[in-house]
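Residue numbers (the working numbering), protein chains in the order written: chain A, 511 to 631; chain B, -4 to 158.
Hints are not guaranteed to be accurate.
[Said to hold, decoys possible] Interface residues of chain B toward chain A, partial, derived using beta-carbon atoms under 7 Å:
#1 G30
#2 E73
#3 R74
#4 W126
#5 G146
Keep in mind that the hints were calculated from the coordinates and are not lab data.
Backbone N, C-alpha and C define an ideal beta-carbon position, used for all residues, glycine too.
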Amino acid sequence: MLEDELNVSIRDRDGVAIIDLVGDVTTFAEEKINSAYAQVNEKGARAILLNFRQNDYINSAGIAILIGIVTEVNRNNQKLAVSGLSQHFQKIFRMVGLAQYIDIYQDEEEAVKGFAATATQ
Amino acid sequence: MPVAHGQVNKSMTLSNSDAETPDRIVELRLPSRLGYEKVAMDAAASLARRMGFNGDRVEALRTALAEAVTNAIEHGNERDSAMKVLVVLIVRPDELVVSVADQGLKPLDHDQTTHIPNIEETLHKSDKGGWGIWLIRELMDEVEFSTAPSGGNQVRMVIHLEQ
């Protein structure tokens, strides 16, 4: 009831591998997020977007999972962005320093455009 | 070692100077099972909104309380669901005081409560955690760690109502 409240799915849009995260990002999210990343990585994704929706709860365990993804993304020379975060969690991401490694966009639309712009640079 | 219920109730009080009129105090006793912190977050947020805290501050409170309660569940009470986490919310005209106490199987040491994590270092470590207490300190106006009468860890957090 109170534990695992996250749905994770994968799709592709204009060459961007989008991982939709709907719900809470806490310690229970680890396996789902890591396996979604492993899947897009296996498919050879270069640009990865973590698209957050209805995330009114991301805690420090969730942040630790995302830092793990950043480590993998850096190792595999991929680009990582996030979208859909509330103002509060955008602030938390900046405080933690995640914003140094992840581009933060308001929404999916903006993120996909952002990836396209950096690809043509 | 499991603690008898009578003992639990007797020992789960807070040590602080927050002597208040009882009609301004909300107490929650949560099972030490991850996920129940959300019940405390919702209760505190509901109270804070009614006190007039703006959305950003309510979100800050939710995050700080989530970290305090998950610490109590995971570390203090080592996820023994028979052990309780006591959350006390005290409403004052100009601030909300939130205390979280566990039953202290594993006391927090000074280093753990003052550690400032660094993302660059964290990227190279296998343990990517350690952000919780730092977040509490960043987000709340006053934060104090102490020992509860139960012998457990207690964190007292205050968020000021800005006029």
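Here is what the structure says about each hint:
1. A cut of 7 Å between beta carbons decides the hint on B/G30: the least distance to chain A is about 3 Å, and the hint holds.
2. Annotation: interface hint on B/E73 violated; nearest CB of chain A at approximately 14 Å, more than 7 Å.
3. For B/R74, the shortest C-beta to C-beta distance to chain A is roughly 11 Å, which exceeds 7 Å, and the interface hint is violated.
4. The interface hint given for B/W126 is met, as the beta carbon of that residue sits about 4 Å from the closest beta carbon of chain A, less than 7 Å.
5. Violation of the interface hint for B/G146 is found here, the shortest Cβ-Cβ separation to chain A being roughly 25 Å, above the 7 Å cut-off.
Of the numbered hints stated above, those contradicted by the structure are hints 2, 3 and 5, listed in ascending order.
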